[in-house]
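Using the sequences and the hints, build the whole thing.
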Amino acid sequence: MKGGASHGVLSEEELGIDVGMTLKFVSIDLPQMPPQQLEDSILQTLRDYGEPLRWAITGVDVAQHRVQIEAVVIVEADWMGRIGSQRVRMV
Amino acid sequence: MSQRPYTVVLIVPTGIGAAIGGYAGDALPVVRAIAQVADRVITHPNVLNGAQLYWSLPNVFYVEGYGLDQFAAGRWGLQSVHQNPVGLVLDQAIEPELRSRHLQAADAARATLGLHLTDYVTTDQPLGVELQTAASGATWGTIRHPDSLLRAVETSLTQTGARAIAVVARFPDDTESEALHNYRHGHGVDPLAGAEAIISHLVVRTFQVPCAHAPALTPLPLDPHLSPRSAAEELGYTFLPCVLVGLSRAPQFVTTPSLEALWATHVDAIVVPDSACGGSAVLNLSQSAHVVTVQNNQTRMKTTPDQLGIRSLRVNSYLEALGALVAHRAGIHPNALSPTLSPLQPFTPLLINPA
Numbered sequence: 001m002k003g004g005a006s007h008g009v010l011s012e013e014e015l016g017i018d019v020g021m022t023l024k025f026v027s028i029d030l031p032q033m034p035p036q037q038l039e040d041s042i043l044q045t046l047r048d049y050g051e052p053l054r055w056a057i058t059g060v061d062v063a064q065h066r067v068q069i070e071a072v073v074i075v076e077a078d079w080m081g082r083i084g085s086q087r088v089r090m091v
Numbered sequence: 001m002s003q004r005p006y007t008v009v010l011i012v013p014t015g016i017g018a019a020i021g022g023y024a025g026d027a028l029p030v031v032r033a034i035a036q037v038a039d040r041v042i043t044h045p046n047v048l049n050g051a052q053l054y055w056s057l058p059n060v061f062y063v064e065g066y067g068l069d070q071f072a073a074g075r076w077g078l079q080s081v082h083q084n085p086v087g088l089v090l091d092q093a094i095e096p097e098l099r100s101r102h103l104q105a106a107d108a109a110r111a112t113l114g115l116h117l118t119d120y121v122t123t124d125q126p127l128g129v130e131l132q133t134a135a136s137g138a139t140w141g142t143i144r145h146p147d148s149l150l151r152a153v154e155t156s157l158t159q160t161g162a163r164a165i166a167v168v169a170r171f172p173d174d175t176e177s178e179a180l181h182n183y184r185h186g187h188g189v190d191p192l193a194g195a196e197a198i199i200s201h202l203v204v205r206t207f208q209v210p211c212a213h214a215p216a217l218t219p220l221p222l223d224p225h226l227s228p229r230s231a232a233e234e235l236g237y238t239f240l241p242c243v244l245v246g247l248s249r250a251p252q253f254v255t256t257p258s259l260e261a262l263w264a265t266h267v268d269a270i271v272v273p274d275s276a277c278g279g280s281a282v283l284n285l286s287q288s289a290h291v292v293t294v295q296n297n298q299t300r301m302k303t304t305p306d307q308l309g310i311r312s313l314r315v316n317s318y319l320e321a322l323g324a325l326v327a328h329r330a331g332i333h334p335n336a337l338s339p340t341l342s343p344l345q346p347f348t349p350l351l352i353n354p355a
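Protein chains in written order, with this note's numbering: chain A, 1 to 91; chain B, 1 to 355.
These are calculated hints, taken from the structure and not from any lab test. Hints should not be assumed to be uniformly reliable.
As the list claims (entries may be wrong) - Taking beta-carbon pairs under 8 Å as the criterion, some of the chain B residues facing chain A (in silico): (1) T133; (2) A135; (3) T142; (4) L202; (5) G278; (6) S280; (7) Q307; (8) I310.
Even for Gly, the Cβ is constructed at its ideal location relative to N, Cα and C.
Below is the structure:
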């Protein structure tokens, strides 16, 4: 699979030919919601791109009612076919 | 009459530049104080690890961050132990002399402290630690060969009998960097901390055993102006002793209910920096526990409890937080300790769909 990391697609080099697991940084934002619903929403969104390993809400845009989240996800080889949303920035 | 043990969770997230706890185990005085007013304190390696320095407390649970999040979510419980055999996993990238220093630190912990360590395991590839800083200012990082780390941990657990894992990974020496200069002078964000958390999170997530990490680094040249908050990491050749001490009595994780284990429902209060309420453990525990947020422990995060809809008692300092915990434990409302107390008002129900 080819593609620039900024578009949320991992190259073979990034994945590693001999490695079935890669750790990737993900930055997303989501609508503000009550705290008891936030975690489920965050995990559900992050799982589109890998298994969430470490994450935190790092900022709140009160005017826009949105929260910013930074995370590191585990990308297993079999996640490759499921990655590709433009909502996620991977660096 | 038996009383419910008063249980406090203390969190100072790692790698976010916390003014207290963002350096070399410099939140340890906070947990020592809280341990005097609580029956049980649950906290994490970033709070307790001071490189060569540590303070073992019988009522403090040393719980790695991934495990703490699982505990807070009610998915894992904490089972106390008398001791854990600790397995040491060394990054293949560590140079021979530095490796010997770490092995000598481990042997010293066996001989001088009486800890039980199993034979060490070396990864089959260099782990390839890479450090990064996110837009928020938090540090993070990756390892290029996570599979190699997990293979070594599996060997330690299944073939040496270890029940907790201390990982030593070779971290990049970046002695000229501004981030390191600031860190040594008690400013900025620990450039290593985020990557350290990723390593231990990965192990705990995969094997559900206690784990903590110590970076292997070339000793730094003397800096006569070193901050006291960072000084604990410049006392010797390794950061390993605190990790081994913490892991030696860290609770095991359990996933099935048992009377002996500690669960999230047992937590009475959580203490966290006011600007760093955006973690999983805080979101979950805020549903059931009393939240105390400390405003003068500033961080790079911008997630205050009011912004996230979390009800909290906001205090200025950890000294005030200690008072808040004592009052909460005694069943005293904080307002009763202030000079003014408004009279009760008639209850006014909220109108829903008034049209």
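(request) Provide an ascending list of the numbers of those earlier hints which the structure does not satisfy. (result) 1
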